[in-house]
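Q: Note that our numbering has the sequence shown beginning at 568, numbered continuously upward.
Some hints could be false.
What the hints assert, rightly or not - Using C-beta positions, here's what the derived DEER-type ranges look like: (1) Arg636 x Phe658: 22 to 30 Å; (2) Leu637 x Phe658: 25 to 33 Å; (3) Arg632 x Thr591: 38 to 46 Å; (4) Gln726 x Thr591: 24 to 32 Å; (5) Glu736 x Ala608: 17 to 25 Å; (6) Asp719 x Pro626: 18 to 26 Å; (7) His616 x Ser574: 19 to 27 Å; (8) His616 x Phe658: 37 to 45 Å.
These are computed hints drawn from the structure, not numbers from a lab.
Everything numeric in this text was worked out from a predicted model, so none of it was measured.
The beta carbon of each residue, even a glycine, is placed where N, CA and C say it ideally should be.
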Amino acid sequence: MGAGKKSAKAELRAVCLRRRGELTDAEVKAHSSRIQQRLMALSEYEAAHAIHTYVDAVPGEVKTRDFVRLSLAQGKRIAVPWVPASAGGPFRSAEIGALAELAPGPWGLLQPPEKEAVWVDDLADGFDLVVVPGVAFDLRGHRIGHGGGFYDRVLYCTQAYKVGLVYGELLLEEIPNEPHDIPVDAVVTESATHICQRRQA
């Protein structure tokens, strides 16, 4: 990404994080509940057997724990991101059977302890729904993350249906992007589900 777009995206990230930080705990809880309900109403969710999703840990982030609990109770496979403690180590994914298996990891993320992790390193094999966090999304499915790059890798390597979760006030008209950026297929807010693009055959 060019220097100008990087700078614009960094400035937009800071603005959106401030706006998200102004939400009260009650608003985060209520909005997250509605977002999770809308997510589970998607036909792609109903048809999914295996799902890759984040587990909320960052303050203000759209909560997903009820979604994870209910999905596991329905017998769906769930995998979560796994971040190495040492800089430069590989980002990976691990399958879980319960939220109780998770512990705080780098950046405060919830993930299985390394020695107990059940690795899922080929997201192209078997996963049919990916739930993506973001500081903001736009109407075409492009996103602003926290800058770590994990989900850029995930979006690039999977053909699964990709859904972004975000508060309605952080669904923007347009986010700076590059031609190689992979958008999500849908964005779910507390008030609507936005289909972002026609999926390619």
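Q: If a hint holds in the structure, say so; if it doesn't, say that too.
A: Tested hints:
{"no.": "1", "hint": "Arg636 x Phe658: 22 to 30 Å", "result": "25 Å, holds"}
{"no.": "2", "hint": "Leu637 x Phe658: 25 to 33 Å", "result": "26 Å, holds"}
{"no.": "3", "hint": "Arg632 x Thr591: 38 to 46 Å", "result": "19 Å, violated"}
{"no.": "4", "hint": "Gln726 x Thr591: 24 to 32 Å", "result": "38 Å, violated"}
{"no.": "5", "hint": "Glu736 x Ala608: 17 to 25 Å", "result": "21 Å, holds"}
{"no.": "6", "hint": "Asp719 x Pro626: 18 to 26 Å", "result": "23 Å, holds"}
{"no.": "7", "hint": "His616 x Ser574: 19 to 27 Å", "result": "42 Å, violated"}
{"no.": "8", "hint": "His616 x Phe658: 37 to 45 Å", "result": "24 Å, violated"}
Hint check: violations occur at hints 3, 4, 7, 8; the rest are consistent with the structure.
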